[in-house]
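Asks: Residues per chain, in single letters:
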Amino acid sequence: MESKKSEKTLFGVLAEVRNPKELIDIAKTISDSGYRMYDTYSPFPIHGMDAAMKLKKPKLGWIVLGHGLVGFFGAIAMIYFMAVIDYPLNISGKTLMNVPAWVPVTFELTILLSAFGATFGMFALNGLPKFNHPLFNSEKFEKVTDDGFFVCIEATDPQFEVDKVRNLMEKAGAVHIEEVYDE
Amino acid sequence: MSKTYEYVHEPELVKGDHNFKSITALVTDINLRPTPAGWYIAFGISNILLLIMLVAIGYLIWEGTGIWGLNTPANWGWAIVNFVWWVGIGHAGTLISAILFLFRQNWRTAINRFAEAMTIFAVMCAGIFPAIHVGRIWVIYWVFPIPNQMAMWPNFSSPLLWDVFAVSTYFTVSLLFWYVGLVPDLATVRDRIKSKVGKVVYGTFALGWRGSNRHWWTYEKAYMILAGLATPLVLSVHSIVSFDFAVSIIPGWHTTIFPPYFVAGAIFSGFAMVLTLMIVCRKIYKLEDIMTIDHMEKMNMILLVTGMMVGFAYLMEVFIAWYSGVEYEKAIFMLRATGPYAWAYWIMITCNVLSPQFFWVKKYRRNVALTFVISIIVNIGMWFERFVIAVTSLSTDFMPSSWGYYSPTIWDVLTYVGTFGLFFTFFLLFLRFLPMVALAEIKNVMPQADPHNYDKNGNFVPPSVDVPEPIRGETDR
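If you're matching them up, the sequences are chains A and B in order. Sequential numbering of the first sequence, starting at 1, is according to this note's numbering. Sequential numbering of the second sequence, starting at 184, is according to this note's numbering.
Looking at chain B on its own, in the form it has when it is part of the complex (with noise of 0.2 Å):
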């Protein structure tokens, strides 16, 4: 008799021959060995990138945004679409630590504390966007409820300070989140370095930790807190910064599908960044045991899902614009597809929409080259869509008249490219100088770590499943 079913065993997290030992090692010994070569070239790239953002910022501050390409009607450019973009990217890490963690998704454990690192940084790179459009950015705490000159407070009822609480807020509790984390494997490094500087400074940064059970009966608890917070902080964030645009009255913009279409393509962008710094870190650092092919499936097909989303949100908007009856609205669609910016909005529906189809062949889902190449497309195609959604809505709004085309300057291109810079310089002390797994917690995830999985003895037996017969379905009879 054929069976009739196949069970499908779930693969394991850690590959390889691993016990806590080999993993600490594995994992720790990267921030105890001597720096490589390669990170000081790659630092020193960073460093000159970040110096061209400085000096950018610091001729923008001098000069004025006149320098950028803004006009009118087109008041807003590169800085609004980067700003989006890195927010956007900052999605995946609360995501992976947060919404993962409450379902039970084992699997982040490897990938989680990397992935908060990049929302952190990523979020820098997209504040200081909004810092510095400001014009005169030494009066830049008018945005925060702190007396003024002018006595005066901000607008509750303005978008564009929900932002800065939003925003801030996100940064902040990402943070907490990410540091409540180290603080465990922070003491392993504490423990394994030998240099007396390294003991102090880990020292300190670990509080104290002994991995005491009743402080781990505590911790777990914040934890989950810590993680049911940021749930719905990771879905508001992006929410509000949709708010920028659907609370105005712009065609194309005053849309209520805004904040999870925002969300959608947040989460999009975001894996896919931590796709593209994870294939590269897994083969640098020789950390494919912990994250593995079986990841990376699973991370495609969050794409593949998202990358729908997003493309039955560029649906929707055209449907709505068509059923809503509104002139404007429905002429904005038409321009976007055959207007002066055609070719963006062309470049992002290719980029968000086709290039994740391969993702529905499992092949290709687990072919790292390919999987590389889409998720810089993905990030590529993200980021002219919020360029089509700022510029083409501005650009060609109510009067044929005031239409005008806007071009970055070389001001615009330098300040976005030197915000790479800032990203990896961060990314790169990091990846230096921190445990870039999250150790106790992938630990917590290996079969050694159940009780149940040892036997009266105390030796360790590896869990077996049973499969159970298979039971004849009325055809084999």
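Isolated chain A (complex conformation) (with noise of 0.2 Å):
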């Protein structure tokens, strides 16, 4: 038994609470402990955990501010090349800076950038698609879309060791502790 799971690393501790709230409490217990690599697992976002997990602001709001300024900038760039450098057309003598009229697509152009910058920054930020998880190898931890709530403190933090992190776990009222490798 040892020598089998000698070969596989240790990703880290995973441990199932039975609610949000005990989710959130003990999320406080470990970051209050000193911990950073951990993570919090739940079928859905739970209010409050931003500050019990001591999380900061994501930086999405920069990531869509600049596609959404491309899309801006690019979206006027275009329609002047077009209608002004290009191939410009004299419809009786109108001017061919005809801005108002770009408003509705320069606008369009504008949401279409950001909502991409919104989505696609989202998913890297969160390192998404990412099909193989070592947490996926606990059984237990099937339930976390459905009803189940989990914490795992990772075996890269600095603090990291088996036995003080099972018994942080149990003391902060854990049901199920259990270790996770990466096979």
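Keep in mind that the hints were calculated from the coordinates and are not lab data. Using N, Cα and C, we set each Cβ at its ideal position, and we do this for glycine too. Treat each hint with caution, since some may be false.
What the hints assert, rightly or not - Within a straight-line C-alpha distance of at most 25 Å, the following computed DSS-like cross-link-like pairs (lysine-lysine) qualify:
no. : chain 1 : residue 1 : chain 2 : residue 2
1   : A       : Lys28     : B       : Lys404
2   : B       : Lys404    : A       : Lys54
3   : B       : Lys382    : A       : Lys140
4   : A       : Lys28     : B       : Lys382
Stated by the list, open to error - Quick list of the computed label-pair ranges, beta carbon to beta carbon:
no. : chain 1 : residue 1 : chain 2 : residue 2 : range
5   : A       : Gly93     : B       : Gly411    : 38 to 46 Å
6   : B       : Pro630    : A       : Ala124    : 31 to 39 Å
7   : B       : Leu498    : A       : Leu55     : 47 to 55 Å
8   : A       : Ala124    : B       : Arg216    : 34 to 42 Å
9   : A       : Tyr80     : B       : Val463    : 45 to 53 Å
10  : A       : Gly93     : B       : Asn254    : 28 to 36 Å
11  : B       : Ile559    : A       : Asp32     : 29 to 37 Å
12  : B       : Met407    : A       : Glu179    : 32 to 40 Å
13  : B       : Ile228    : A       : Glu179    : 18 to 26 Å
Using the hints, put the two standalone chains together into the complex.
Replies: Here it is, written out as structure tokens:
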């Protein structure tokens, strides 16, 4: 048994709690004990978890702003090039710089690019798609998308020691604790 | 002493004794069960209609737009009517998912997935009409700003080009929004499904979602930004569709009320369509605990409000026509109500303005059968609204000598009927294979999801509202 385990690398210690409140509590305990490489898992976002885990605000807004600006100026540049420089159409002597008529297309492209930024920026910041993850090796963890609430302290944390972590989780009221290996 | 006021309780969003597990089972079991026979029957009928549409479009491409009932002066007929009608229906989904999200209307969680799917398929149906009406469909790419053999670019001053951008952006953003919402629920199906193929397919689209709260934190941010982006978008799309009419100088079209009037009409018809579909699905799939009568009542209120807005716009149009003093403008509104298309005008008024008036009465708002009937009547009325706008203004324009009566041909009818085949083919696939309720979101609005509803030992304590003692008024003393 021991020799079999040593071939795999330990990913972390996974603990299950019963409900959102206990998950918040255990997250607070863990982050107050100085752990940094840990994560909580739940079927839906939990109100107040960002404060309990001391999460920083995501940089997503800046990504969206960047994309939006590209959409905005890109649209104006495109229309300017096409309608004024490359193939100007003189229609009853009306101005080529018909800026009010450019508003709809500029608006739509700004929204379109911002939405791309928001969607793909979110997936990129979350490191998704990632089809394989050590946590998927745990049978219990399947519940996480149904009604399971989990917390996992990862082995890469500088403070990580299996016994200490197990102890902490037991004291914090976890109902099930297991070690997860990266196969 | 009698109480001077009554405390109004907010109705529970999920009825019945449900926990997270039973909600997951209620929704995803529909995807995991073997396909019911009724589904095959409905799918078969939809496929036949879809085939009819493909034949009608094939013949149109072969023969040209001459097979339609278009004539001069009525150069726009059912194609534009159907386009605007389907796009309008497509407005409810994003309104429910984006605007109601920003307003923290938690009841949206029961119907948003459903309505967003409806939006996407309705916009697909809508997009067909402008694409096929161009005549030479093999050069349809001329509408996009990509180099072509004429070395010309599209005309950025044309509302028809704005439409290309508006509708394609709307479709793409709605699709992204829908998919972002779907990812956690696809992961739920991935973790519950037994078949190997199913695991791979759902797993691929779930992108390896594992419910991490670090992910949820960014996810919620993205969801909010998308809602913020979709809100002006949903209002802009039908505004731009209305520019197709309003920017021209045809009497009855050239009015500034068109953008808000079109948007109100779009929300009106979209909610009606959501109701039609919801009332059938909640019955068949036994989702009455999630899509409750309270939801139906709230949507009926929106029908009433938007129906009144549409009615106000009809009145305002007539008033402004008179007030403007423009002869042609006055004439067209007289002709709409009394001319060759008066039948269509009065169908429109009856369906859109009069039929929702039932919903002033609470008993009727909570009546499933009546709501179902009215939701269909509203969409018939909204179809006639677009018909009245498009056809009357063209067929009886400036010069009486050029007036002509417009009637559709069998090909107009078959193309329109066929789009229902396209819509329901996709919608049935959606009902069969995707979770039709946003699970993660509905769990989030259940009282069990709030950490404050647990006591010190971690046991669930249902929230109770303290109703304050009535304060005695002056009259009670």
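Asks: Next, verify each hint and record whether it holds.
Replies: Hint check results:
1. Taking the CA atoms of lysine 28 (chain A) and lysine 404 (chain B), the gap is about 22 Å. The hint holds against a cut of 25 Å.
2. Between lysine 404 (chain B) and lysine 54 (chain A), the direct Cα distance comes to roughly 16 Å. Compliance with the 25 Å bound is thereby established for this hinted pair.
3. At most 25 Å may separate the alpha-carbon atoms for a hinted pair to count; lysine 382 (chain B) and lysine 140 (chain A) meet this at roughly 17 Å.
4. Between the alpha carbons of lysine 28 (chain A) and lysine 382 (chain B) the distance comes to roughly 35 Å, so the proposed pair goes past 25 Å and is violated.
5. Checked against the hint of 38 to 46 Å, the pair glycine 93 (chain A) and glycine 411 (chain B) passes, with Cβ atoms roughly 41 Å apart.
6. Here the CB-CB span from proline 630 (chain B) to alanine 124 (chain A) is close to 35 Å, well matched to the stated 31 to 39 Å.
7. Separated by about 53 Å at the C-beta atoms, leucine 498 (chain B) and leucine 55 (chain A) satisfy the suggested range of 47 to 55 Å.
8. A beta carbon spacing of about 36 Å between alanine 124 (chain A) and arginine 216 (chain B) agrees with the range 34 to 42 Å that was offered as a hint.
9. About 50 Å separates the C-beta atoms of tyrosine 80 (chain A) and valine 463 (chain B), a value consistent with the hinted range of 45 to 53 Å.
10. At about 34 Å, the beta-carbon gap between glycine 93 (chain A) and asparagine 254 (chain B) stays in the expected band of 28 to 36 Å.
11. Checking the proposed 29 to 37 Å range against isoleucine 559 (chain B) and aspartate 32 (chain A) shows it is violated: the Cβ atoms sit about 59 Å from each other.
12. With their beta carbons about 37 Å apart, methionine 407 (chain B) and glutamate 179 (chain A) fall inside the hinted range of 32 to 40 Å.
13. Here the CB-CB span from isoleucine 228 (chain B) to glutamate 179 (chain A) is close to 55 Å, at odds with the stated 18 to 26 Å.
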